[in-house]
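Engineer: Residue numbers (the numbering used here), protein chains in the order written: chain A, 807 to 1145; chain B, 61 to 671; chain C, 61 to 292.
Honestly, I wouldn't trust all of these hints.
Here are the simulated lysine to aspartate or glutamate pairs, DMTMM-like style, with alpha carbons at most 20 Å apart [to be verified]:
{"id": "1", "chain 1": "C", "residue 1": "116", "chain 2": "A", "residue 2": "945"}
{"id": "2", "chain 1": "B", "residue 1": "656", "chain 2": "B", "residue 2": "636"}
{"id": "3", "chain 1": "B", "residue 1": "656", "chain 2": "C", "residue 2": "284"}
{"id": "4", "chain 1": "C", "residue 1": "131", "chain 2": "A", "residue 2": "950"}
{"id": "5", "chain 1": "C", "residue 1": "116", "chain 2": "C", "residue 2": "146"}
{"id": "6", "chain 1": "B", "residue 1": "613", "chain 2": "B", "residue 2": "636"}
{"id": "7", "chain 1": "C", "residue 1": "280", "chain 2": "B", "residue 2": "663"}
{"id": "8", "chain 1": "B", "residue 1": "566", "chain 2": "C", "residue 2": "75"}
{"id": "9", "chain 1": "C", "residue 1": "116", "chain 2": "B", "residue 2": "569"}
{"id": "10", "chain 1": "B", "residue 1": "566", "chain 2": "B", "residue 2": "302"}
{"id": "11", "chain 1": "B", "residue 1": "613", "chain 2": "B", "residue 2": "633"}
{"id": "12", "chain 1": "B", "residue 1": "613", "chain 2": "B", "residue 2": "653"}
{"id": "13", "chain 1": "B", "residue 1": "547", "chain 2": "B", "residue 2": "535"}
{"id": "14", "chain 1": "C", "residue 1": "169", "chain 2": "C", "residue 2": "126"}
{"id": "15", "chain 1": "B", "residue 1": "531", "chain 2": "B", "residue 2": "569"}
{"id": "16", "chain 1": "C", "residue 1": "131", "chain 2": "A", "residue 2": "1031"}
The set of hints was computed from the structure by calculation and includes no laboratory data.
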Amino acid sequence: MRSAASSATIPEIDATQAPRADHCRQRRFAYFHINVIAKGRRFGRHIVMVNWANFVSQVFNGLALGALLALISSGLTIIYGTLGVLNLAHGAMFMLGGYAGYVAYTYTGSFIVAVAAGSLFVALVGILMERIIIRHFYDRPHEDQLLVTFGLGIVFVELARLVFGSQSQIVPAPPLFAGITSLGFMFYPTYRLAVVGIIAVALTVLFVVLYRTRIGMIVRAGIEDSVMVDALGINVYRVFMIVFGIGAMAAGFAGIVNAPVVSLTPGIGDDILVQTFVVVVIGGVGSFPGAVLGGLIAGEIISITSMFNPGYAYVMLFAAMTVVLVVRPYGLLGTKGRE
Amino acid sequence: MPKRRRYLIEMFTAAGLIVAPFILPHLGFAPNTVNRILVWGLFGIGFDILFGYCGLLSFGQSAFFGTGGFVAAYLLTRAGFPNVLLALVIGMIAAAAVSYLVGLVALRRTGIYFAMITVAIAEVFFFVEFNPLSAFTGGENGLPGVPMPSFNLGFATLRFSDGWSLYQFLAVCYFIGIVIALRIVRSPVGAILSAIRDNPLRAQAIGHNIHGYKLAAFVIAAAYAGFAGGLLGVLQAFMPPDAFTFETSGQLVMQTAIGGIGTLFGPLLGAAVWLFLQDFLQSALNLGAAWKLVLGTVFVLLVTFLRRGLIGGLKDLYELVAHPKKPAEPTEAASLSDFSAAAGSDAAAMVPHKRAADRGSGPILQASGLSKQYGGLRANSDINFTVNHGELRGIIGPNGAGKSTFFKMLTCEIPPTSGKILFEGRDITGKSVTDVCQLGLTKSYQVNQLFTELTVRQNLTVAVLADLRGKFRLDLFRDPESIPGLKEQVEQTLQLVRLAGRPDTKVSDLAYGEKRRLEIGLALATSPSLLLLDEPLAGMSPQERQETVKLLKSIGQGRTMIVIDHDMDALFELAERVTVLQEGRVLVEGTPDEIKANPAVQEAYLGGVLE
Amino acid sequence: MSLLEVSGLNAYYGDSHILFDVAMRVERHEVVALLGRNGAGKSTTLKSLMGVVTPKTGKVVLDGIDLAGAKSHVIARAGMQLVPEDRRIFGSLSVEENIILAGLTASGKWPLERIYDMFPRLKERRSSSGTDLSGGEQQMLAIARALVRDPKIILLDEPFEGLAPVIVRDLVHACRELAAAGQTIVLVEQNLAATLALASRLYIINNGHIVHEGPAGEIKAQPEILQRYLGV
Chain A
807 MRSAASSATI PEIDATQAPR ADHCRQRRFA YFHINVIAKG RRFGRHIVMV
857 NWANFVSQVF NGLALGALLA LISSGLTIIY GTLGVLNLAH GAMFMLGGYA
907 GYVAYTYTGS FIVAVAAGSL FVALVGILME RIIIRHFYDR PHEDQLLVTF
957 GLGIVFVELA RLVFGSQSQI VPAPPLFAGI TSLGFMFYPT YRLAVVGIIA
1007 VALTVLFVVL YRTRIGMIVR AGIEDSVMVD ALGINVYRVF MIVFGIGAMA
1057 AGFAGIVNAP VVSLTPGIGD DILVQTFVVV VIGGVGSFPG AVLGGLIAGE
1107 IISITSMFNP GYAYVMLFAA MTVVLVVRPY GLLGTKGRE
Chain B
61 MPKRRRYLIE MFTAAGLIVA PFILPHLGFA PNTVNRILVW GLFGIGFDIL
111 FGYCGLLSFG QSAFFGTGGF VAAYLLTRAG FPNVLLALVI GMIAAAAVSY
161 LVGLVALRRT GIYFAMITVA IAEVFFFVEF NPLSAFTGGE NGLPGVPMPS
211 FNLGFATLRF SDGWSLYQFL AVCYFIGIVI ALRIVRSPVG AILSAIRDNP
261 LRAQAIGHNI HGYKLAAFVI AAAYAGFAGG LLGVLQAFMP PDAFTFETSG
311 QLVMQTAIGG IGTLFGPLLG AAVWLFLQDF LQSALNLGAA WKLVLGTVFV
361 LLVTFLRRGL IGGLKDLYEL VAHPKKPAEP TEAASLSDFS AAAGSDAAAM
411 VPHKRAADRG SGPILQASGL SKQYGGLRAN SDINFTVNHG ELRGIIGPNG
461 AGKSTFFKML TCEIPPTSGK ILFEGRDITG KSVTDVCQLG LTKSYQVNQL
511 FTELTVRQNL TVAVLADLRG KFRLDLFRDP ESIPGLKEQV EQTLQLVRLA
561 GRPDTKVSDL AYGEKRRLEI GLALATSPSL LLLDEPLAGM SPQERQETVK
611 LLKSIGQGRT MIVIDHDMDA LFELAERVTV LQEGRVLVEG TPDEIKANPA
661 VQEAYLGGVL E
Chain C
61 MSLLEVSGLN AYYGDSHILF DVAMRVERHE VVALLGRNGA GKSTTLKSLM
111 GVVTPKTGKV VLDGIDLAGA KSHVIARAGM QLVPEDRRIF GSLSVEENII
161 LAGLTASGKW PLERIYDMFP RLKERRSSSG TDLSGGEQQM LAIARALVRD
211 PKIILLDEPF EGLAPVIVRD LVHACRELAA AGQTIVLVEQ NLAATLALAS
261 RLYIINNGHI VHEGPAGEIK AQPEILQRYL GV
């Protein structure tokens, strides 16, 4: 059962639990008069007390969430850009990364091994999925591709549920990053800070791979014109397989890295999937920079809206997506081509 | 369909529904399960119309299922509304209204983007239901206390309670739902939806407002969902919040795929399989929570191997058993024999023109100053082009002449950068392809753009429907037989393109030459005053070319046509006048002989090699 | 044994029959031209040779190996290379990346410097992205991509189309050098003058059928053939 208020990956604010909270908090208050304006008429004035620490904390949460979404969405977008397949099992791959890492952690006690295991396991799942099933769907209509990846997503989730049960599992943060850090005006869980850093590193690695390596060159060319890549002697089908593996791995890596922040349940990937879609639509299909930009935007929208009313976070996200669709149908950084 | 077999499906459904309570318990179905199956079945009818018939895969139907359900439940519980049936109807209307607004946004995109948007819609509705509107919806507790329906008939009161009693109410609802759906699917709108699924661009080009029809399908699906949602509340005496979840949408999609997409009964069968297996796997085989894993795997296998679900599989099996010999691949000889038959009926088999245009004289089409620029590239420059009534004009030009760009501007597929186009005296510059086709200007394509899953007759019917009904009409319940002139116009077009021998063959079973003739037939069926033909001879063998030239000549009688083709011999045989384009401009115009003798034209093609 | 022997080639787009029993041969070090009007099937022929379009029937024998029906990357590795008519440069890659990518799976490569010697313009623009190139530069890059693989045979699909005469002259000159160095080329063109400057032998294709074969030099003396199949 999902509870709406805590979408599994929206980090919570901890500023209120800081030991020296009282006088710190009271120092910084701001009163915002929000004029609710619609259709040119003022509907009223609401006074919202925004604690600066609160605000900064939420902006930072948004950054953390945004980075996470950027990484996962990058995986989805390069798969879609290269293969033309929208992987509805992508959320499940995020989940599988978490569980694979959890298993590795229980056997070795090492967080690093857990991260490696999680990423590699999901990469393997992705490669197998492409080889065994997706490959046969390239000639079939898009709807069939959606149906089969959707079904596979369900199968993965149910397999996880079968093996691990529905109760949540915990992967503790590595000792290096455990605890709380003081940022001067507020306190913040150390691991959450670390996550931003870790994912930034991962995104950089992905960037380097895409823009500075041979395989990255092939992938970028493949997104543009896979027929020509084949005509230049490169086996595109192998490229497709590798791209699927990389895209899946991005999701799996995010899954295990995010595991200490939330508790692992089989359904953890469902929310992520929806958010990822919105990010891809906003950023533009097939565009890695678009996924990063879209992810950060989405993360901040969710986070800042949650500050006022958590229930509206998704509504705002959807509204943003609608605006982008109307104004720039191919996304902020996308190009015409794929539909 | 012959009259006596007309209501066969409805009768079988009624019979099945009546008989079910006596048979199903012996198969292990509890009455509550059967009731749930009916609710999901009804939910799915609308979805099947949207996805199976119109081709729009939506993962967001839970939004409307929940909306209808909660509106009805709210009315019946907190608002104290007395009449259950009326509350259900109001819920349905609410769902339909909401879907109209949502559809305006969601239907801006198709395929994968559309699916993604519907996923987001489902999530948004769930969250809105949970938080901001939780005062109305009970938040995570839902709305308990939904009453059972009862009808005061004056002399007696029919009260439905649990189990088989409620079954009667639900069965009637389902039956009505199926009857309506069958009616819709058989109506002109249903035929157009199928065409949109197969080839939306062509449906648009022959004069249908596809956006309107898609929106109609979307709203219909939501209406079914809304009513079914209300029924769920009645069935459980409680409206659960998980009606809004993405899982609900997903379950609907999977059930429909398992049962059979595009069959209307697929969702019912899929729900039966799903709910039965859920009970069976959990209790009998003691698999616990793994039932969903089994169902998910079954779903993946079915999507991969049995594309049209269980019903599709049964149909295929039936075909295999009942008609073991598959008809041989249509040979060229067989298709050409169509030409030798009924050759004399050419002049008589003309499609009647609603427009008197071709009795007229003077110019039918006038393009002036037509230019098209793409960034730095000038595809067409300042073209002046006039065609008179009844003319058969050819357009030729060497590579880079801009012929196809020019053609696309004439049909308004692309807007000109500058210039004007007058058709029958009317300015059509900047209009849409659909409007221009309705005015009487249409094109047949170089690469066949047919409705591949439909038969020849169905293809032509869709085109004629646009001609007779205009670009949008919501005649959901109309019997196509009752449309005056429909049959005749289809028949005449069949005769005209020599396909009267195989009207009920699926397009995918036609030979290439026959497909090409159907391609021309689709354009003809809209009874155009001006017919553009884009490379009608593309991909044909020498023999087919000869026959097609004959066909085009006969079609050309009494019609105005403009033809582009690379087959010079054929084109010069066909055309009365030829326009030569070079590098985006008109080089020269004249009769075929004049063009052949013109040194400038030879130079354009041969690049000044001949001295 | 000819370097390339094509026989009985039938190709379709869907079920649209485009090529009817096309046959041709190319000897080592030859430049052979395939002429025809628009829509005659010239491009489709090259695409069928390269496996971009899979021929339904027929043989494409390169150096003794039948490649008909093989995937494009296999054909490329066997030594046949297509320079497509719309060039198909990777806009998201730089000039140099385009060339490097092309050479990744080649067994015997042209070194980068040799390519740049041949096309100094490309050296100047080596880090520009594909989208920033002019038409002529894109064509040079497309040819360079084929050359870097040191192919046995290059298929040029309308390389001079849409280019300014002065660029065409430069390109013809470059192709002439290649031919003189022994490169086997199949040239598909509508520009007759450029063709006659390069090719020693030519085929003419009309409505998907090969209708003429002969030495390039003789065609000028046969204006009726030219007019019939290439003119109006």
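Engineer: Which numbered hints does this structure break?
Structural biologist: 4, 5, 10, 14 and 15
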